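Protein chains: 2
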Amino acid sequence: MPGITLGDTVPNLEVETTLKNFKLHDYFADSWTVLFSHPGDFTPVCTTELGAMGKYAHEFEHRGVKLLGLSCDDVQSHKDWIKDIEAFTPGSKVKYPIIADPNKEIIPQLNMIDPIENGPSRALHIVGPDCKIKLSFLYPSTTGRNMDEVLRALDSLLMASKHNNKIATPVNWKPDEPVVISPSVSDTEAKKLFPQGFKTADLPSKKGYMRLTDVS
Amino acid sequence: MPGITLGDTVPNLEVETTLKNFKLHDYFADSWTVLFSHPGDFTPVCTTELGAMGKYAHEFEHRGVKLLGLSCDDVQSHKDWIKDIEAFTPGSKVKYPIIADPNKEIIPQLNMIDPIENGPSRALHIVGPDCKIKLSFLYPSTTGRNMDEVLRALDSLLMASKHNNKIATPVNWKPDEPVVISPSVSDTEAKKLFPQGFKTADLPSKKGYMRLTDVS
Chain A
1 MPGITLGDTV
11 PNLEVETTLK
21 NFKLHDYFAD
31 SWTVLFSHPG
41 DFTPVCTTEL
51 GAMGKYAHEF
61 EHRGVKLLGL
71 SCDDVQSHKD
81 WIKDIEAFTP
91 GSKVKYPIIA
101 DPNKEIIPQL
111 NMIDPIENGP
121 SRALHIVGPD
131 CKIKLSFLYP
141 STTGRNMDEV
151 LRALDSLLMA
161 SKHNNKIATP
171 VNWKPDEPVV
181 ISPSVSDTEA
191 KKLFPQGFKT
201 ADLPSKKGYM
211 RLTDVS
Chain B
1 MPGITLGDTV
11 PNLEVETTLK
21 NFKLHDYFAD
31 SWTVLFSHPG
41 DFTPVCTTEL
51 GAMGKYAHEF
61 EHRGVKLLGL
71 SCDDVQSHKD
81 WIKDIEAFTP
91 GSKVKYPIIA
101 DPNKEIIPQL
111 NMIDPIENGP
121 SRALHIVGPD
131 CKIKLSFLYP
141 STTGRNMDEV
151 LRALDSLLMA
161 SKHNNKIATP
171 VNWKPDEPVV
181 ISPSVSDTEA
191 KKLFPQGFKT
201 ADLPSKKGYM
211 RLTDVS
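Order-wise, the sequence lines are chains A and B. In this text, residue positions in the first sequence follow UniProt numbering: the first is 1, and each later residue adds one. In this text, residue positions in the second sequence follow UniProt numbering: the first is 1, and each later residue adds one.
In isolation and in its complexed conformation, chain A is listed as follows (with noise of 0.2 Å):
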């Protein structure tokens, strides 16, 4: 039974972390933040991640995204660890603050539990301004995210947002590629919004849902 789900307000906990001790909600201010769990310090696929992160630093950044990581051992041996992760990685720099939880009293409240591991799993909640939960990742400890999803979600959620959530994005959008126009908007609304004009596909139904812009 997990802790919050999409929708959900992150509870405002003080956190202890690498840079420096804060309330969620304080860093989370103003902001959209990543907040990633993982498994453990000194382990595989955890150095991967953390170390993909720190290389893909600048593209969170230029977006205005804040990172947040979390796992289960003490502030120490993050530090300890985060040299090893910028070894394995050449070109990465783990600048964003990394939570302990060594007492496991963090991750029952975010939803960031591995049932066979009984610890952090690899959990990413994308948070919003508002410190709600956006969108989640939930992924095993077998199993290493993969960080263009996650910037490509992000990339989705930041253009809806953008929108006013009167547009959407369908499968597999990458940016630059149409958007849909959300089912809300009636056609009227939709020439106003859109002077750029919009197509409507001709589909059996004829009910003329699907309506294709481009907001790039």
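Note that these hints are calculated values from the structure, not bench results. Don't take every hint at face value.
Claimed, not checked - So, partial list: chain A residues that the calculated Cβ filter (under 8 Å) puts toward chain B:
id	residue
1	Glu49
2	Ala52
3	Gly54
4	Glu59
5	Phe60
6	Lys93
7	Lys134
8	Met147
9	Leu151
10	Pro175
11	Pro183
12	Ser186
13	Ser205
Note that this is a predicted model, so its numbers are computed, not measured. No residue lacks a Cβ here, since even glycine has one placed at the ideal position from N, Cα and C.
The hints should help you fit chain B onto chain A, whose structure is shown.
Same frame as chain A, now just chain B:
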């Protein structure tokens, strides 16, 4: 507050679908299943997603994996909508069953709720033959999923399962790339399990946990 998460058993609900009615555990038995919800019939992102699922069907089939869709419309609506799906995505055939949940009784039990829409989210659970959730994507209605990532994650789970979770897959892993040996496996055991050998990365900590091997 979600119904279920990683490691939980999917409840053995009796469901009505576009093909026939069954109990979930009977459907899950003896194989892996991709169980996914979509916000609504005759809506744009869902049409692209279910079309993609149909187009990728052979990929799931040759892995011995079943597909099972769900939304809060009735069976007749699903059947009418399938004509649109197949028209929009040429080459796609929707042969997998889609659950009808017109009274929204199932989605709260399966952690498939979009908090903004108060209807189904784009949740996708990969369910093991033991009827437990192995991995989940929880996306909101604005963000279409990525079928390549679903397949990649599935390949990782199947590979780990084949090797009794003695291996795991690194960040951004793809089939045919090296895997890592799990920390629970000693070097002595690893030499027996992986006669092809493995390479241990030389990292500053000298802890010897980063062991890569080729199992493809």
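Hint-by-hint comparison with the structure:
For Glu49 (chain A), the interface hint holds, since its Cβ comes within 8 Å of a Cβ in chain B; the closest pair sits about 4 Å apart. Interface restraint check: Ala52 (chain A) against chain B, minimum CB-CB distance 4 Å, threshold 8 Å, status holds. Restraint check, Gly54 (chain A) versus chain B: the minimum CB separation of about 11 Å is more than 8 Å; hint violated. Interface hint status for Glu59 (chain A): violated, as the beta-carbon distance to the closest one in chain B is roughly 13 Å, over 8 Å.
A hinted interface residue such as Phe60 (chain A) counts as satisfied when its beta carbon comes closer than 8 Å to some beta carbon of chain B; here the least separation is about 15 Å, so the hint is violated. The interface hint given for Lys93 (chain A) is violated, since its Cβ lies 15 Å from the closest Cβ of chain B, which is over the 8 Å cut-off. With 8 Å as the threshold, the beta carbon of Lys134 (chain A) comes within range of chain B, its nearest partner Cβ sitting at about 6 Å, so the hint holds. Using the Cβ-Cβ criterion of 8 Å, the hint placing Met147 (chain A) at the interface with chain B is satisfied: the shortest such distance is roughly 6 Å.
Against a cut-off of 8 Å between C-beta atoms, the interface hint on Leu151 (chain A) is violated, since the closest Cβ of chain B lies about 11 Å away. Hint status for Pro175 (chain A) relative to chain B: violated, with the closest Cβ pair at about 13 Å, above 8 Å. The beta carbon of Pro183 (chain A) is positioned within 8 Å of a beta carbon in chain B (closest approach about 5 Å), and the interface hint is therefore held. Violation of the interface hint for Ser186 (chain A) is found here, the shortest Cβ-Cβ separation to chain B being roughly 14 Å, above the 8 Å cut-off.
A least Cβ separation of about 5 Å between Ser205 (chain A) and chain B falls short of the 8 Å threshold, and the interface hint therefore holds.
Of the hints listed earlier, those the structure fails to meet are numbers 3, 4, 5, 6, 9, 10 and 12, in rising order.
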